[in-house]
Each structure stands twice: as structure tokens, then as C-alpha cells.
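> Protein chains in written order, with the working numbering: chain A, 1 to 478; chain B, 1 to 478.
Since the hints were derived computationally from the structure, they do not count as laboratory data.
Bear in mind that the values here come from a model prediction, so they are computed numbers and not experimental data.
Take these hints with a grain of salt, some might be off.
Note that identical chains are pooled: a pair holds if it fits in a single copy or bridges any two copies.
[As the list claims (entries may be wrong)] Cross-link-like lysine to any residue pairs, in silico, SDA-like; alpha carbons within 25 Å at most:
(1) K130 - I141
(2) K130 - L447
(3) K355 - Y129
(4) K200 - F149
(5) K131 - S121
(6) K131 - T75
(7) K88 - E199
(8) K131 - L447
(9) K131 - E433
(10) K130 - N383
(11) K200 - L111
(12) K248 - E95
(13) K230 - T75
(14) K130 - D91
(15) K230 - G171
(16) K248 - G377
Protein chains: 2
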Amino acid sequence: MIVKSFIWLLLAIHSSFAGVHRDEHRKTELACTMDENLLQEIQGYQSVVEQIFYEIVRGRFAGQTWESIMELTDTFGPRMSGTEQLEKAIDYSVERMRRDGLENVHTEEALVPHWVRGYESAVLMEPFYKKLPMLGLGSSIGTPKGGIFANAVVVMSFEELESLSNEAVQGKIVVFVPKWVSYGVTGQYRREGAAAAAEKGAVAALIRSVTPFSIGSPHTGVQTYEAGVKQIPIAAITVEDAEMLLRKYRRGETLKLHIVMEDYNLDPFMSRNVIGELEGTVYSNMSVVVVSGHLDSWDVGVGAMDDAGGAMISWKALTYLRDMGLRPRRTIRAILWTGEEQGVWGAKHYYEDHKRQQEEEFSFFFEADSGTFNPTGFDFVGNNQAGCIFEEIVKLMAPLNITDFRTTPDAGPDISYWVTDGFPAAAFINDNERYFWFHHSEGDSMLVESSESLDKCAAIWAAAAYVVADMSIPMPRS
Amino acid sequence: MIVKSFIWLLLAIHSSFAGVHRDEHRKTELACTMDENLLQEIQGYQSVVEQIFYEIVRGRFAGQTWESIMELTDTFGPRMSGTEQLEKAIDYSVERMRRDGLENVHTEEALVPHWVRGYESAVLMEPFYKKLPMLGLGSSIGTPKGGIFANAVVVMSFEELESLSNEAVQGKIVVFVPKWVSYGVTGQYRREGAAAAAEKGAVAALIRSVTPFSIGSPHTGVQTYEAGVKQIPIAAITVEDAEMLLRKYRRGETLKLHIVMEDYNLDPFMSRNVIGELEGTVYSNMSVVVVSGHLDSWDVGVGAMDDAGGAMISWKALTYLRDMGLRPRRTIRAILWTGEEQGVWGAKHYYEDHKRQQEEEFSFFFEADSGTFNPTGFDFVGNNQAGCIFEEIVKLMAPLNITDFRTTPDAGPDISYWVTDGFPAAAFINDNERYFWFHHSEGDSMLVESSESLDKCAAIWAAAAYVVADMSIPMPRS
């Protein structure tokens, strides 16, 4: 069941997070008065961090992370919620995590949406004929049989749509062609476009794909209908075609479109989060540091970037630490989330299931879901005290020259529930300037991933998780 | 009728030309002993060149070239040989050239291929399901009704295919996944893949799209069947999917594909080259300098880059010179070729029609068909004497800092017939490092074009054509 306001809050948070993807790296300066003993304790981890770096970047694990992601994505391909391919990838992860020697490997159930993409096509019929490459948006209904023939109303914003009379929009296909600002801002049209268009009487909506750069590929993503508003089909077209339609419309041309979408929604599907641990030496599984990424993807491309990379470094961080005989005081728990793409469903169910378990004490949350390109530092969210500690931990990454530290309102969509509750969390900063070029498109493939960058991501992931999990004090929470 | 060996020669030449797209700019040093009077004469054009630059880049024509290309591509969209859209674009060009005040505006007939793209789809059925974005190659036949279900044989080269037994390939779909080397080298698999695969008994062929970088878009292009070899369907898939299929095949997986192509060939279609002139003051239309680009495009994208840009700067160079009252001694003839994409058909017919016309004396050929990005210099083909003259002309472009000069075996596919006959020719060098990212794909749109770069391209095109057409001596030919 969709708890709508909650999901929207999360999407909004995710949006603001994703909005910083293209920012210049900026460093945050915290006012810190660190306890000298604690400072020395953290600095004392330098040699173990260097050992972790050596083994993952130069030693026996070098190259393994890329190989593992390649094996996962080549074997199962795209892993959309509701598909057999995702469930097979989940089974495979459980089996391989066990083979890796992780502990308490199991799955936990989570209901996820089951949206099915059928045959899809969009064509500009007049004033000239052109196929418009198109992808329906997740949860969109299909068109009536035979598709929809209608004229386009092209707008750049919700405000522009609002300024039109209902008569002008009635029976039309609204095409949203917003400027690229950020994923958060421009993505609103993907998330809310159908509802906004339907409220004005439109029969369907199209959006400019949410990306700053395009080579003729449409980008899909989730959308949500609004209660009480008629549901209409919505799909993304390419930036190229959207901009052309906008120019033509502004010149007064009549644009006749034909859209066919044989997409439909089935009942929610029971999927599973995958969990594996490196058990702590002192607190066993009472005190937990979570490292995570999501295993599901869209059905276009193979989701190597979004988010097999993030999921795999979270899993392999534990594998590599275990193989090195490094076992921290607290438990490190790897979670491979399911159902993230269509509304962070795996994470939501996990939160609901675990938030009131008294025997568990969550110490810190890591999430990797903004690319695994060359890493340059960490984003942190939490109170000042925890921030000062984490900033010192980031300084340990200096041997890989990965030392940027900044605070952020959020560290990823799947851990947002916990962050909202005041738990400290982190994500790593990486050179993901091109992230949205590939995001939710056929371009999300192994070609985006570099083995060298992945090794560095896995190395800092393992090192940061190890130190946080091993420190004498838990990370202070708000 | 296809004069095959001739076309192949041209394609080979085009390939070698296109192969230099990604080269570093290199300068050619010619050994020149210039006549001092001629040198002074050329240097005397500096002020008129600067006047041309000023008006096109900063003055009354600034921005007009982008607007003109936008109007053409937005109004007619893609312009594939055999389509009404191309013929309408031809009619429009004639009408607008006349409105621009060009002289002797007319069309000349040329038979072009009439290949029709129907419904196309490729799917990896096993070991997992994935739609493979795909584009049939120009002139490919379609599949039988219901498509072709067959296993893949994935190879990286013709040599690897050759090394397989006929039994291993019989009844299979050959997938060619060559490394990107250059358009000329890697493009062989597009041009010759069907014939090579059919010779080994394959039922269809797929190629990795011919591009160094991809965001999940397939790239089309022409292919040619070989006489006496069975014709089989051939299409391009994305780089991402091709590389994945290669990895999977190399690991011994059985790849089941389903390909549907409702493509077919009709009888050749009578199209037209568009011609307009700025008549010379002295030699009238007896002595001619040609500036050219092609008006046709593929059916994906709108062919703004390939080659509305090149066609439009060739046309507008004349318009701008005329409006400035600059009329050289020789005639400058703008030719907008038809049918280039599917085998330089417009240019071939033009050559056949004009090569023996005694009253015409061709002095020089310009062709723009490698992008209209920021220009940095000129490529020249011809004898040493002409090269030394042209090198001096290029020096006149210094006020725009466009001074690279290099010699090349060829200056473009549409003028190759003349270059082969010894006529001197030139193309401009531009920052087209990303040319093949967009080439023959949905990415070939107005978003690729920058108004500033187009102004500079138009400016040097007009200036170079003017000087070559106005000099006291004709350009020496081999």
C-alpha cells in the first residue's frame, strides 16, 4: 500500500540530495572541539586503513569489484521490481554472500510495485512524421487500445500550464519541456506531470527526459498519481525531440501526436531485501553499522551504475574485511535494498520492521546510490559531535587523496527514514558529473564503470565502515 | 543502378577522411616558392576577409545561420532519401534561395535509393529478457514475417568469423563487436557485415554501433550487399548491449535472439540536387567554385549536424556575400546534394552530368560534411602549387584564429569524384571530437549546433570561397 505523503517526503529529500550531484565539491568547516584521546584513537586507525587500501586497490582484491558487478549485471540483466530477473539476482546474492563467508545471510520480505512495460511508441504525425523514442514512466497506466491521437500543448513549467484555460488543454497531450536545473527540480515534472496535466483535462502527458545531456535516449523513472485526479498515461521523450516540439509549438504549429502504451499495473509483488553481516567481536549483532545500496534497477540498461555498483561495494566491503581477518567491535550489516526505483519500498519495509526492535542498536548508516565513479570525499549527515568525529575519519583516507568532507541534509533515499529519526549517516562524493547522462536509460551499463574507481570506492567504503564499527564509542545520534 | 566498385571506392575514401575526425590537429608544412605578386595579391584580401568576418560573426548576419538550420530541420524533420520530407525540404530550399536573391536557382535530377524502415525490434530472449534498442541499416532487407529466432555467434572481427567453421555459423545471427578504431576502420563491419555473415551461412547480422561513446542509442548507416551472396537482414544495436553480448558469449552462454525488421527496398526514387549561384563578374558561370553540403539525412534525429549545418553554411555563404555586395570574378555555386547518406547518389549524378560539359570550368570544390563545430583551420587536397596558394588564403583567417592548414587525401564524399580527377578541394577542420557520438542517431539534433560556431563556419566558408573565386588566377589542378 502506498503511504503517499511519506513517499513524497522521501522523494523530496532524495531530490535535494540528487540536486547536489553536479555541485562543485565544497568543503564544510565544522567548529570542533575533539577529545584528545578520541582524536588519537581515530588517528590510530591510519595503519589499518592503509592496509585495507593496499589490499583492495593494489593487492589481492584489485579488480574484483568490477568483475563482481559485471557478473551480476551480465547474468541477470535489468532487475526491475516485480520481475523474475530481480528475484533471481536476489537468490544469487544470498548464495554468493554465503559463499563469501558473510554471516546471518538472509532475506527480509518487502512488498514492491509490480508495473509492467508493454509495447510503447510515440510518433509525431504532423506537421511531419517522426518516431519519438519514448519510455513510459513507472506506474503509468497504458493508453486505450489503438493508442491516443491528440494535439500537443507544450509548456515549460507547471506555472505555464496553470496559466492556460482548461479548454485549451482539454483532450490534449501536455508536453512538459522544463529547463534542466537539477534532478530534484527538473524531476518534478516526471514525478507530478501526469497529475498536473490531468487536472487541466489532458488525456496524456509527455516529459523531456530528466538529464542535462542526451544522445537521443529517453530516460524513465517513477511517477505518482494524485488521489482524486484522473489517471492518464505519462512517458518521457528525448531532450532532442522535446526541445524541437517546444520550438515548433512556440511558432504556432499544430502538433499531432500518436501515443501507444501497453503498460499496466499488477498487484504489489513480494520481493526481498538481501542482508549479510560481518559480526562484531564485542557487541555481536546488537550494535550495527549499515552499509547499503539497492539491487533493483529499471528495465532499460542493466543498472550497473544505478545501483549495482553501490550495492556491490557495500557487500564486498564486508567480504574483503573478512578475508583480511579484520573484524570490528560492532557488526557491519550489508543491505541490498529491493524496490528502490519505484519508491524506496524495500527500505520502507525494513524501517517498519526494525525501528522498534529493542535488541538492535543502529549506530550509523552508509548508502551508495549516486554513482561509483572516482571518489573524492564524503557527505555526512548528523549532529555536530558526530560530524567532528566523521571528519577525522575522512582524514584517514588521505593516502588515496579522498579527503573532501561536507555536510548534507541527506545521504541517500534508502536510509532517509533513519536519518529523519536522527541517526548519523554518510555517502561518498564521487566524480559523478555525468551521472544523469546515463541514469534510468539504456546507457546505464558496465561501460560506465571503471575498475580503478570501483576499487577506490570499495576501499574507502570498507575503511570507513570498519573504523565507525570499531571505535570505542558509538557515533552520537541526534 | 548501383555502380558498385565505384561506390566502394568512394566509401573507402570517405572512410579514410572520416578517420581523421579524431586526430589531433596537425599542421602540414609545404615547400613553397610563391610568386611575390601573387602573395601580395592574396594578402590584399585581408580587409575584405575581415569585413566578411565582421558582418557574419558580429554584424547583421550573426545568429542567422543557426536560425536557418533550425527552421529547415524543425520544419521538415529528418530527410531520408525517398521521403516526401526530403523533397519538401528541396522545394523549400529552392524557394528560399530565390528569396535570398541567389541566381540560377534550380534543381538537377538524381536517382536515389528508396529504402523504407518499418517496424523494428530486437530482443535478447535468453538467458534473460532484454529489449535491445536497434536500427536496421540502410538497404537492409527485412526479416520473414514473425521475425527470426536464432542463437548468436559473437565475434570481434572478420578474421574471427573467418576462423569459425560454416557449421558453427549456419542458421545463426552473427553479432559483430569490433573495437572502435575510427569510422573508416570500425565502419567496415556496418558496410560489409551482412555479406561476410551470409557467406558463412548466417541468417542475420547485428553490429555494435559505430561510435566511440554511447548513451544507449543505436546508430544507423548504409550497408551494401555483395553480388552473388545471399542477402540477410542487418541492424545496429547499442555499444552497451553489444559489449554485454560479447562478454556473455565469451563465457560460453547461449544467447537466443529474436529480431523483427519490416524494412524493404523500393525502386530508386527521383530526387534532386539543389543549386544556386552568386554569378561571377568576369567569367560568369563559365568558371565555377563549388561550395557544398548534403540536404538529405537519416530518418533518426533530424540531421542538423549531418548535414544541414554543412549544407546551410554553403548556401548562406552566397547569401551573405551577395547582401554585402561582394561578387567575385568567378561564379560561386552552392550545391545541396541529395542522396548522400545511402551512397553519395546526388554527387554521382552531378558528376556524370557535368564532367564533360565543355562550357563549364570547375576551379575548386569545397565540402562541409564533418560537423559545423568550432572551426580551427582547413584541410586541403590538390597539388603543391595549389596548396601553397591555399595555405596563404588560410592565413587570412587569422583574425578568427582559424589558421591550421593540413593536406588530406580527400575533402569529403560528395566531391570525391572531382578530387579523383585532380581538382583541388578543401574542407574545414573543426572541433568535432564528439561527431560520432551523434552521427546517424537520434542525437543528431539542433542541440549539437552552436550559433557562435556556425557563424564562424559560415564566415570562413564565405571568405575562403570569395578569395578563391576572385583571385586573378584559377587554382592550379593536377
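> Each of the hints needs a verdict: does it hold here or not?
Each hint, compared with the structure:
1. K130 - I141: both (24 Å within a copy, 21 Å between copies)
2. K130 - L447: between (30 Å within a copy, 17 Å between copies)
3. K355 - Y129: Cα proximity of K355 and Y129: none, with 55 Å in one copy and 37 Å across.
4. K200 - F149: Answer is within; shortest intra-copy Cα gap is 18 Å, inter-copy 46 Å.
5. K131 - S121: Answer is both: 8 Å inside a copy and 14 Å across each meet the 25 Å cutoff.
6. K131 - T75: For K131 and T75, only the inter-copy Cα distance (15 Å) is at most 25 Å; the intra-copy one is 32 Å.
7. K88 - E199: neither (40 Å within a copy, 39 Å between copies)
8. K131 - L447: between (27 Å within a copy, 18 Å between copies)
9. K131 - E433: Cα proximity of K131 and E433: none, with 30 Å in one copy and 27 Å across.
10. K130 - N383: Cα proximity of K130 and N383: none, with 54 Å in one copy and 45 Å across.
11. K200 - L111: Answer is neither; intra-copy 33 Å and inter-copy 50 Å both fail.
12. K248 - E95: between (55 Å within a copy, 21 Å between copies)
13. K230 - T75: neither (40 Å within a copy, 35 Å between copies)
14. K130 - D91: between (43 Å within a copy, 20 Å between copies)
15. K230 - G171: within (13 Å within a copy, 50 Å between copies)
16. K248 - G377: Result: close neither inside a copy nor across copies, 45 Å intra and 35 Å inter.
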